[in-house]
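J.: Chains as they are written, first to last, in the numbering used here: chain A, 1 to 336; chain B, 1 to 383.
If you're looking for bench data, these hints aren't it; they were derived computationally from the structure.
Pairs of lysine to any residue residues, derived as SDA-like cross-links and limited to a Cα-Cα distance of at most 20 Å, are as follows:
| no. | chain 1 | residue 1 | chain 2 | residue 2 |
| --- | --- | --- | --- | --- |
| 1 | A | K205 | B | G380 |
| 2 | A | K259 | A | E293 |
| 3 | B | K146 | A | V117 |
| 4 | B | K147 | A | E116 |
| 5 | B | K147 | A | A114 |
| 6 | B | K205 | A | R60 |
None of these values were measured; they are calculated from a predicted model.
As a plain string of letters, each chain reads:
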Amino acid sequence: MSAVAEKVSTKRNMLTALREALDEEMARNPDLLLMGEDIGLLGGAFGVTIGLMEKYGRDRVYDMPISEAAIVGVGVGAALNGKTVCVEMQFIDFISCGFDQIVNMLATYHYRTAGEVEMPVIIRGPAGAYGGGALYHSQMNEAWFAHSPGLKVVCPSTPYDAKGLMKQALRDRNPVLFYEIKELYRLPQIEMELPAEDYTIPFGKASLRREGKDITFVTYGQNVYHCLQAADKLAEHGVEADVIDIRTLVPLDMDSILKSIAKTSRVVVVNEAPKTCGFAGEIVARITDEGFEYLDAPPVRVTRLDTPVPWVKPLESFVLPSVEKIVDAAQKVLKY
Amino acid sequence: MSPADGTATAEKKKSPRRTEQPAPLGPYSAKLTRDQCLELLEHLYLARYFDVRLIKEKKRGRLRGTLYSSHNQEAVLVGSLYGLLPTDWISPIHRDMPAFFLKDARSGLRNPQRIGMTIQEVCAQVWGKAPSPGRARDNWSHIGSKKNRIIHSTSMLAGTIPAAAGVALADRLNGGNCVVLTYNGEGSTAQGVFHEGINFAAVHKLPVVTLIENNQWAYGTPTELEYSLEDFARRADGYGIPGLIADGQNVFDVYDKVMTAVEHSRSGKGPSIVECKTFRAYGHGDHDDDRAAKYRPTPEVEAGRRRDPIAVCKRILVEHGMLTATQAEEFPAEGKGASEVRDEDFPPDVVAYMKEGVDFAIAAPLPEAAEGGMWVFREGDSR
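Working from the sequences, and respecting the hints, build out all of it.
T.: Here is the structure:
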């Protein structure tokens with residue numbers, strides 16, 4: 001995947017990488033506005049936008065009322081009139097309050113105007129479970145938007161990818177839903193050095209995070225790390241796994257997935273969203289549509305149970321994918 | 001029947017005590033020239049003729065899709081649009097179809113430079129033909145134009161108010177001084193996004209005028225089941241912004257109230273709500289006319305149709321000496337339903353203008369089938 005940086009500076013966590021991406025693009029594009037709840041004076045609930053209002057002023061960075069529909073809608077209007085707007089959902093769970101404006105107003109704008117109007121509106125926000133956030137601070141609702149034609153959907157797992165994909169999103173001519181995994185924001189183990197120079201990562205290019213020959217894991221977000229750990233455990237038994245981090249759901253890099261499965265013939269798809277109609281199911285369907293002849297075993301999903309995300313640890317762990325669940329699934333696929 | 005008010009007969013029968021006093025012209029109407037006043041009447045004819053012509057086309061089986069009649073509500077559209085500059089933005093909804101070609105009509109209906117749609121474009125949209133501004137991808141009023149400064153609506157009502165605020169915000173950042181006028185039925189005022197959009201506009205003093213076409217019925221639901229105010233305009237108090245009430249049958253009163261709101265916005269004082277009290281003459285859509293006859297009390301419907309905006313306009317023009325009684329009788333379109341009114345009841349140029357649109361639409365091709373799969377995403381290089 002990434003070219004290693006030539007000029008190295010200090011290591012960055014994902015949160016800092018995202019802030020740098022916003023900062024650099026704000027400097028590059030004077031028509032880029034930031035809008036969200038508490039993103040200015042406070043710098044965001046998690047601090048992604050700290051310092052940006054001071055640097056770019058209140059005409060560029062807007063502390064919005066608690067009005068998710070209006071936040072998206074104002075972004076649509078500003079984009080109609082020439083601006084690029086990056087909207088923060090304070091938690092991605094709250095996006096449901098702005099749902100109509102996203103799926104009916106924003107997503108369809110280019111389509112229903114036969115290409116007259118482009119909609120560079122980026123909606124980003126902290127997502128994902130495993131932190132005890134309970135029902136309304138833990139969701140992964142990316143499937144709603146992958147299911148809505150006209151939206152691109154992104155979910156990075158490393159600081160390098162987060163910065164490069166965010167910069168790409170802010171330069172895209174289409175609406176982008178950008179899922180930031182909040183458990184990864186400050187995770188020290190994934191801090192990395194980033195290139196000093198400007199870089200972007202194109203959408204629709206998966207990242208092969210580990211190379212094997214016996215089984216393929218397809219995943220994204222923080223489940224990448226669960227899959228890498230599961231791959232380590234399997235390696236103790238002589239099984240080597242490919243771990244594919246798709247990075248963007250829409251567009252989806254099926255070529256990389258099929259190439260891996262052509263080699264391994266076995267696949268486990270892992271994500272932390274509910275199983276029914278989740279994006280893991282979509283990946284499995286695409287694999288059976290386009291790569292059935294490669295398979296020696298049925299593709300298997302490891303997902304959240306079809307439940308909300310409960311609060312306390314034993315309950316939360318019960319419903320979410322884990323390293324153990326992934327290893328178990330892999331062993332079943334290997335034995336098939 | 002009063003020669004100046006073609007619908008006065010019914011009014012006199014039903015409420016003999018009430019006689020219309022000569023309506024004094026408001027501060028902005030009083031400044032209009034005679035030609036401008038006559039132009040307002042012409043625009044009322046245009047809006048009415050567009051509506052009745054489409055109803056006839058539909059009954060002849062020449063049109064697909066639902067029609068949402070603006071009959072009896074034309075003064076709201078005509079009076080409000082007349083108060084805008086060419087560079088202002090609007091967001092019409094389903095009952096506002098004539099707004100697309102009446103925007104910036106003051107610059108000349110056939111003026112290719114004007115910042116509004118041509119009748120050809122609007123008719124191509126109604127007929128679902130390729131030259132529609134949206135290439136017939138969504139139906140009826142779901143068109144717009146960035147170039148002509150018309151926000152594209154969806155079926156989710158009040159949904160364009162936040163977009164209007166965003167357009168206004170961007171315009172201000174770009175150094176402009178545009179006003180954005182959004183059209184809404186009173187039914188959509190109960191939507192959460194209505195509140196969110198106006199609240200944001202009020203916080204930032206954005207030049208957004210929210211016009212409420214209060215036609216008393218949200219599809220099959222009367223106003224008392226929609227909100228708990230006598231005058232909806234009072235809702236503005238909650239946002240700390242002006243709330244104005246206009247007689248929606250009187251094009252001059254609509255013009256005055258909208259101009260008041262527009263000038264308030266243009267001077268940097270922020271948004272307003274203008275409630276135009278009117279009445280929906282027919283069903284929600286043409287599919288609903290028969291049912292509407294059952295769910296709406298007949299006396300209410302008769303009373304609501306009694307003050308035809310064309311008749312009200314003519315009466316005022318006669319009272320103010322801008323039209324003779326004989327001239328007012330020349331094209332008696334007022335007080336007639338689509339099945340009764342004839343082309344001869346309209347000025348010839350109104351009929352001719354619509355014919356240009358209809359002929360164009362009928363001759364225009366359908367879009368290529370493969371266009372159904374196009375334009376989901378903007379292709380090409382990132383910016």
